[in-house]
Each structure stands twice: as C-alpha cells, then as structure tokens.
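Student: Given next are the chains, with one letter for each unit.
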Amino acid sequence: MKTMVEEIGKTVEGDLIINVGPQHPATHGVLHLVITLNGETIKKVEPHLGYIHRSIEKMCESLTYRQFIYTTSRMDYLSAHINNHACAMVVEKALQIEVPARAQVIRVLMDELTRIASHELWWGAMAMDLGAFTPFFHAFRERETINDIMEETCGARLTMNYNVPGGVMADLHPNFVERVKNFLKLYKLKIHEYDELVTGNIIFQNRMKGVGFLSAEDAISYGVTGPAARGSGVSCDVRKHFPYEIYQQLQFDEILETAGDSFARYMVRLREMNESIKIIEQLIDMIPEGDFQAKTKAVLKLPKGEFFQSVETARGELGVYIVSEGGTTPYRIKFRSPGFSNLSALNHMTTGEKLGDLVASMGTLDLVIPDIDR
Amino acid sequence: MFSLESLTTIVHNWLNKTFQPNLALLIEFVIVGVLAIALFAMLGLVLVLMERKVAAWIQIRLGPNRVGPKGMLQSLADTVKLIMKEGLTPDGADKFLFNLAPYIVMISAMMVLAPIGFAKGFQIWDINIGVLYVSAISSVSVIGILMAGWSSNNKYSLLGAMRSGAQMVSYELSVGLSILSIIVLTGSLSLNDIVLSQQNGWWIFKAHIPALISFVIFIIAVTAETNRAPFDLSEAESELTAGFHTEYSGMKFALFFLAEYINIFIVCAIGATLFFGGWMPLHIGSWEGFNHIMDYIPSSIWFFGKTFFLIFLIMWFRWTFPRLRVDQLLNLEWKYLLPISMFNLLLMTLVAIMGWHF
Amino acid sequence: MLKEELTIIIKELLPNAVIEEAGEWLNCSLEASEFKQAALQLRNFNQMPFDFLFCLTCVDWKTHFTMVYHLRSKKTNDNIVIKVKLNRDTPEIDTVSDIWRTAEFHEREVFDLFGIIFLQHPDLRRLLLTDDWVGYPLRKDYDDPINMIKL
Numbered sequence: 001m002k003t004m005v006e007e008i009g010k011t012v013e014g015d016l017i018i019n020v021g022p023q024h025p026a027t028h029g030v031l032h033l034v035i036t037l038n039g040e041t042i043k044k045v046e047p048h049l050g051y052i053h054r055s056i057e058k059m060c061e062s063l064t065y066r067q068f069i070y071t072t073s074r075m076d077y078l079s080a081h082i083n084n085h086a087c088a089m090v091v092e093k094a095l096q097i098e099v100p101a102r103a104q105v106i107r108v109l110m111d112e113l114t115r116i117a118s119h120e121l122w123w124g125a126m127a128m129d130l131g132a133f134t135p136f137f138h139a140f141r142e143r144e145t146i147n148d149i150m151e152e153t154c155g156a157r158l159t160m161n162y163n164v165p166g167g168v169m170a171d172l173h174p175n176f177v178e179r180v181k182n183f184l185k186l187y188k189l190k191i192h193e194y195d196e197l198v199t200g201n202i203i204f205q206n207r208m209k210g211v212g213f214l215s216a217e218d219a220i221s222y223g224v225t226g227p228a229a230r231g232s233g234v235s236c237d238v239r240k241h242f243p244y245e246i247y248q249q250l251q252f253d254e255i256l257e258t259a260g261d262s263f264a265r266y267m268v269r270l271r272e273m274n275e276s277i278k279i280i281e282q283l284i285d286m287i288p289e290g291d292f293q294a295k296t297k298a299v300l301k302l303p304k305g306e307f308f309q310s311v312e313t314a315r316g317e318l319g320v321y322i323v324s325e326g327g328t329t330p331y332r333i334k335f336r337s338p339g340f341s342n343l344s345a346l347n348h349m350t351t352g353e354k355l356g357d358l359v360a361s362m363g364t365l366d367l368v369i370p371d372i373d374r
Numbered sequence: 001m002f003s004l005e006s007l008t009t010i011v012h013n014w015l016n017k018t019f020q021p022n023l024a025l026l027i028e029f030v031i032v033g034v035l036a037i038a039l040f041a042m043l044g045l046v047l048v049l050m051e052r053k054v055a056a057w058i059q060i061r062l063g064p065n066r067v068g069p070k071g072m073l074q075s076l077a078d079t080v081k082l083i084m085k086e087g088l089t090p091d092g093a094d095k096f097l098f099n100l101a102p103y104i105v106m107i108s109a110m111m112v113l114a115p116i117g118f119a120k121g122f123q124i125w126d127i128n129i130g131v132l133y134v135s136a137i138s139s140v141s142v143i144g145i146l147m148a149g150w151s152s153n154n155k156y157s158l159l160g161a162m163r164s165g166a167q168m169v170s171y172e173l174s175v176g177l178s179i180l181s182i183i184v185l186t187g188s189l190s191l192n193d194i195v196l197s198q199q200n201g202w203w204i205f206k207a208h209i210p211a212l213i214s215f216v217i218f219i220i221a222v223t224a225e226t227n228r229a230p231f232d233l234s235e236a237e238s239e240l241t242a243g244f245h246t247e248y249s250g251m252k253f254a255l256f257f258l259a260e261y262i263n264i265f266i267v268c269a270i271g272a273t274l275f276f277g278g279w280m281p282l283h284i285g286s287w288e289g290f291n292h293i294m295d296y297i298p299s300s301i302w303f304f305g306k307t308f309f310l311i312f313l314i315m316w317f318r319w320t321f322p323r324l325r326v327d328q329l330l331n332l333e334w335k336y337l338l339p340i341s342m343f344n345l346l347l348m349t350l351v352a353i354m355g356w357h358f
Numbered sequence: 001m002l003k004e005e006l007t008i009i010i011k012e013l014l015p016n017a018v019i020e021e022a023g024e025w026l027n028c029s030l031e032a033s034e035f036k037q038a039a040l041q042l043r044n045f046n047q048m049p050f051d052f053l054f055c056l057t058c059v060d061w062k063t064h065f066t067m068v069y070h071l072r073s074k075k076t077n078d079n080i081v082i083k084v085k086l087n088r089d090t091p092e093i094d095t096v097s098d099i100w101r102t103a104e105f106h107e108r109e110v111f112d113l114f115g116i117i118f119l120q121h122p123d124l125r126r127l128l129l130t131d132d133w134v135g136y137p138l139r140k141d142y143d144d145p146i147n148m149i150k151l
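Chains as they are written, first to last, in the numbering used here: chain A, 1 to 374; chain B, 1 to 358; chain C, 1 to 151.
It should be emphasised that the hints constitute simulated quantities derived from the structure, not laboratory data.
A hint or two may mislead.
Each computed SDA-like pair below joins lysine to any residue, with the alpha-carbon atoms no more than 20 Å apart [unchecked claim]: (1) C/K75 / A/E257; (2) A/K354 / B/L330; (3) A/K209 / B/D327.
Interface residues of chain C toward chain A, partial, derived using beta-carbon atoms under 8 Å [unchecked claim]: (4) E24; (5) F35; (6) M48; (7) D51; (8) C55; (9) W100; (10) L128; (11) V134; (12) Y136; (13) P137; (14) L138.
Predicted model, so just to flag it, every value in this text is computed and none were measured.
By construction, the Cβ of each residue, glycine as well, lies at the ideal position given by its N, Cα and C atoms.
I would like the entire structure built from these sequences, with the hints used as guidance.
Tutor: Have a look at this one:
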C-alpha cells in the first residue's frame, strides 16, 4: 500500500506539484486534482476523490425498493430524472411489471427535457471555464424555462423524484403541453446564438481543437461512455443499442464525431440537444391517454437473483446492478456511474499538454462529482 | 461657451494678483496635485461601476441597482468595505517587497496622467517627449507585478506574475510600433502638437488604411498590456484563483484593482489622443460651417466621450470572448501582430512621404 | 445473439467455466487461479472481442466474496457476466487493469470498500475514503458505532 507522500517523493528536479481544488472557483464540484507540472506542461494528473462520498450503496442496503430511488437523484443531480428512471426500470424488470403507454411517453419526455437542461448547464459552465462569462447567463435563460416546467408537474426543480416503480408519481399538469411548445419555440429562436457566440469564435476553437485527444480504442478500454466517447467515434448510445421504453419507435440520430479532441466532444453535445428537441417534437402532440401508473403492491419484494439495467444519462451509461435475496431491501446495489470511468481517462488525455488545456478537457468530459463519489 | 481654459486662466490670474509669483506657483502645484488625485479616485469609482453595469447589460441582467439611485453609490460602498478589511501579509512573504508592489503599480499609473490633454489648454505638463514618456512610465508597472507575484510566497502568484510579465513585455512592442506610425505623420512626440495637427480631421480618417490597421493593432495590444480579457490569464479565476494578487487583501488589493482601471483609462486616453483627436472636435477639412458647429461642444466633453467609447469597447471584449492560452497569446504577438505592425509602419512612412493622406 | 448460442461459443472458449442457468445474461463462474487467463482469452477472442468492461464489483456473501465482472463486446453487442469466488480470509485475485484500463479505478474502489487485494495492480490504495481509514465499510460485518445508525 502506498501513501500520497511516497507518491510525491517520486518527482524529479524542476517539477512543481499544485492542487486544483477541492475548492474550485470554477464549477464541477469538489474534485481534488494533484497535478505534477514541469513549467507549464502537465506530467501527471491524479484525481483524489471522496470529498462527497456518502456511501449511497451501503445506505441503500437498508432502504426499501420504493425508497432507494430517491438517493439516486442526489448522485448525478443534473440528470436526476434519468437516474430515477433507471432505478424504477430495474425494479419493474425484476417484478415484470408492465408500464402503461402514457407513463412511458411521460418518462421519455421528462428524460429528454432533463438532458437538454443538463447540456445547457454544461455549455454555460464550459464557456465560463474558458473565460467567456456571458454564455452562462444565456444558457440559464433556457434552463430556467425547463426548470419551471418541471416544477409545475413534478414539484421540484432539481431533484424531481417523479418516477416510481410502475410509472410516474402524478399525472402531467394541464399546462404542460403548452409550456413545452413555448419552450421549443424559444429554443429554436436562440440556438443560433450559441453557434455565433461561442462555437464560431476563433479563440474558442483554438483552445479546443487538438486538445485532449482520446482515441477510440482508448475510449473503450477506459470505459468512457456518453458524448465523451462519441466524440472519438465510439458508438455507445444505450438508447440505440439496448432500447428501453419507447425509444425504438422514435426517429433520432446518434451523433458521432471522429476527431477525438475536445472540439469533437463539444460538437457532439451541442448537436445532441437538437436531437432531444426532435424527440420531444415527435412525442408532445401524441401523449396517449390512460393510466400514469401501473397497479403495484405497496411493499415490493424482489425475487432472489441479480438484475441489471442501463440507461443513457446526459453523461453516459448509468448501470444499476441489484443483488436480491428475496427481502424488502436489496442485498447489494452497485451503481455503474458514467463519471467514474470518464474521469479515469483524464490523466491519459492531458499528459503532455498545458494547464489551460486541462480546463478545456475537463469541461468537455462534463464531470459531476457526486456522480463519481456516490 | 464655458471652457476649462478660461477657468484655468481666471485662477492663474487671481493667484498671481493675490500672492507673490513663487507662492502662486507653489499653490498651483498643490491644486494640480489634489485635482490629479481626485481625478484618479473619481475615475476609479466610476469605471468600476461602469464595468459592472456594462457587464450586466451584456449578460441580460441588471447589475447593482440598490445602493443609491440606479446603484450609483455602489463604488463608494465598495471602497468603504475595502478600507475596513484586514490587510493580511502571508507568513513567508518578503515584507518590504510585498508592501511596496501595489504602490509601484499605482504611482506609475498616476504619473502617466501628466502629459494627457483633458481639454483645450488643460494639460498638466506639456512635455516635448510626451509619447515616449507615457510609453516608458507604463513599462514600470511590470516591475510592480513581478514584485507582487514573487514576494507573495505562493505558487499560484508566481505562475500568474510570470505569465503576466511575459505578456506585458511582449505586447509593449506592438503598442510602441502602432503609436510610432502616427508619430510619423505628426512629426512630433508632444501630445499637444499631435492634437493640434488633427485640426482638419482626425488621423484615423486622414491616414486611412495604415491608420486603421494601426488602430486595430493598438486596441488588441493595449487590451493585452492591461491584462484584460481575452488576455487575462494572469488572473484566470478558473485556473489560478487570482494570479499575482491572490495574497493581497484590504487597501493593498484596492490599489491593484484601481490601478488596473486607471491603466485602462490611460491607454484609452492615449488611443483617443492619437487616433481620434483628443480634445479636438470633429472637423472635416475645410467645411467651415460644420467645423464651427462642432466647436460649440466643449472640448472636455469631446475628450471624455471618445475615451469612454474606447473603454466601452474594451469592456465589450471582456464579456464576449473566451480566454487565450499562454502560448497562443505569445504566438499571436510574435508571429502575427509584430510583423504586421512593422509592415504597417513602413506603409505609413510611404504614405507620409508621398503625401497620400488628407 | 441469443443466450443459447452465446452459451455454446463461450463453453468452447472457456471449458472450465461453470455456466449458471438463471439471469438475463450469460453468467459464468471461474476459479480465481484461471481467471486472468480466461480474461485474456475473452479480450482477444477474434469472433467477438470483449473489449468493454462496464461494471466491476464485489458482493459479500457472509461466508465468501464473489467478484462480478460485466463485459460487453462492442462488435456484436453481447453481454457476459464473469463471477469469481474468493476466500473470506485471504481475498486475492489478479488484476485486469492491464487488459481493461478502466479496471484501475474500479479495482481501487473495491479494495477501498471491501479489502480485496489485487495482485500486480500498479497503484493499489484507497480511493474514496481517507488514507487512514480502518476497516472496509461495505463488508457485512463492518461495524462503526459512530457513523452507522442502526434503526
């Protein structure tokens, strides 16, 4: 077993060790990176995790199958709804509950709205990390609209707690369809601003092109999923490969870029927002009537066995693995979080580059630290 | 029309009547000194508030609007706060240099106020090497920044100060060359002569293409000189906390902060003087009637109007563009701006010799 | 590919594996001593290289540990689950971080929370908990009177 002191002792003359975080003027949460620098060139990046480790996996061993869903909202809080969706689906898969069509459509609509909100915040924070302070406010203008829609139906703006095993907790608010349509209009009006202000800016492109290169083989080997892997050309969208709910019937593209650098990852996320808009447009006028929740017992007991379900969150593939011994609480739960694997590729991506490039690469990986630490 | 020139003449005559000539001179020194410091302080306050309001306007929000009508007394509140804060000196810091650094930056900023002409006849010191003086004194602030970074005993400050030093020294070259191209036309380094030579039109209109190129290079280089975004990586908050002034707090931090804004004012004033005519109203060649109308607007309003327009331009840059990486920044200077400005100087010389300007 | 066809292929590749019947995906149990060899074979299998390790975890069955590896082949989108049973007193297993680079962090996390030693791991130390933490929290016999609240 080695300790950090012994690790630091291995540096050569002329190396500088600096800490970035855990208190960050930028966003990303409590991430502590110990960076070994030689001048301005990075030699090694070592993440120190655990500042927000709440042992969710151990906690869930004493929560019932209805209760543990809500701990996942606090993991990757930007795609809280999608996390809850994964947990609800695992329980439904184990108990073989059939989710009514209306609930499925509502879940997918909320998923895609959450994905857009998460990417908006990513875009604003990414631009702010690179020094352009204005896009943050523009991004939040759209995000606030989505939050208000969520608040009306689900009751909360961030940790929505809307999914239950069997469907959704309550029916849609009567204003929902109209508000979403207004949001679509606003989005289409403003999306060109994003390209003009940030994407087309030559300073921005110079900061991002050729920076943080990740090849396709390395992406698969490091377990990188989501837009970070799609920027390197790895096709890994769970909605396409292992479709769940009604994704099979929807028309949308999986955005792939082959360049593998930060700019490619940036473009993937930007275009994914457009794809989510396409999905919402296909569904918003055709929400079927019916139940919003299937009838389930009050106390759920999963049969003995193991169950796994993946979903595509805004960051990548989230997997929920439950080992059940037949009781009302899980015997072991493991959350395969996308951020954990994405972070492990950071050292590989940034060795040999400058400190400013680290910020750009970290931004395009879109890390949310509670997701990594659980 | 009311003009500041008549005011100075009135005060001068009254003083010479009432006191002996030497004493009158001394009193004039004192008055000018007090006015300079007052201008310094006022400008600092106004520019800080202007920055916050401009930033808010660009970012679709309101900015400070609680303290005073429309938030105008916000700067005053900030000053009181900074004065009351504890000024910490870190343990391992070199005490003498640590305390000296903000004053060097401040003093060099104040000294450059001397040759600038604020209005017709309202200039503290019309030195015959005005432009050279400005260029030389503004280079002294680099020493202050390096001192601050070194004496803080902090890795981030050191990194920030070194980046900043490299940046400022490189971009001074481009500033100098673009200023030189206007000097070629005027034939004199004195700022008053430069303004008077724009009697029949501003240089940016008279010497068309080379002056425009000069102006663009000047604005870019001057944004880099004063460590403003998109060249502000020495204070890049997301990377290095606060760069060379991380360890400063209280009044010393306030001095750095104010000195930055005064530097912006000074370089914009120089830009306005060289390219846009300083306090000279907009005259077009020999259109007597038009020129006469333009003369009704007092020259101080012309000067401050032009300067604040350039300041607004620089603030606009800050809130629009992301930040350049340090090697990209130095790349920009040495591989692009410097060759272009040298070529432009040649072009301007050609234009001046052949008389191809208005 | 259907589970039956996959079963035939994997039985041919890993003759010593014990195939379990239940489960959504193919579950194979292996011995700890032959695990590394089997992992290399799976990774380099030409027909469907299992190059994506998407979940690495451990389950504490009070008498023994079971390491669970979820693998996926990007070429054919097939999933397979490898289980390795470990001794409770000396839980040791070979590392797979040289085959799948993602295992580096995952194995550190399992070491941190369960105490399983991964042989030849390049940098085995605690990841999520502080360096001076005593004990392995996710084990079933972990008792911490201060931090754990028993209802």
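Student: Each hint needs a verdict: does it hold in this structure or not?
Tutor: Each hint tested on the structure:
For a cut-off of 20 Å, the pair hint linking C/K75 to A/E257 stands: about 19 Å separates their Cα positions. The hinted pair formed by A/K354 and B/L330 meets the criterion: a straight-line CA distance of about 14 Å does not exceed 20 Å. At roughly 14 Å between alpha-carbon atoms, A/K209 and B/D327 fall within 20 Å of each other, so this suggested pair holds. This hint holds: C/E24 has a C-beta 7 Å from the nearest C-beta of chain A, less than the 8 Å allowed.
Given the 8 Å rule on beta carbons, the hint for C/F35 is violated: about 19 Å separates it from the nearest Cβ of chain A. Interface restraint check: C/M48 against chain A, minimum CB-CB distance 14 Å, threshold 8 Å, status violated. Given the 8 Å rule on beta carbons, the hint for C/D51 holds: about 5 Å separates it from the nearest Cβ of chain A. Proximity of C/C55 to chain A holds as hinted, the smallest CB-CB distance being about 4 Å (cut-off 8 Å).
About 6 Å separates the beta-carbon of C/W100 from the nearest beta-carbon of chain A, less than 8 Å, and the hint is met. Annotation: interface hint on C/L128 holds; nearest CB of chain A at approximately 4 Å, less than 8 Å. About 13 Å separates the beta-carbon of C/V134 from the nearest beta-carbon of chain A, more than 8 Å, and the hint is not met. Against a cut-off of 8 Å between C-beta atoms, the interface hint on C/Y136 is violated, since the closest Cβ of chain A lies about 11 Å away.
Taking 8 Å as the C-beta cut-off, the interface hint given for C/P137 holds, the closest approach to chain A being about 6 Å. Interface hint at C/L138: satisfied, since its Cβ lies 6 Å from the closest Cβ of chain A, which is below the 8 Å cut-off.
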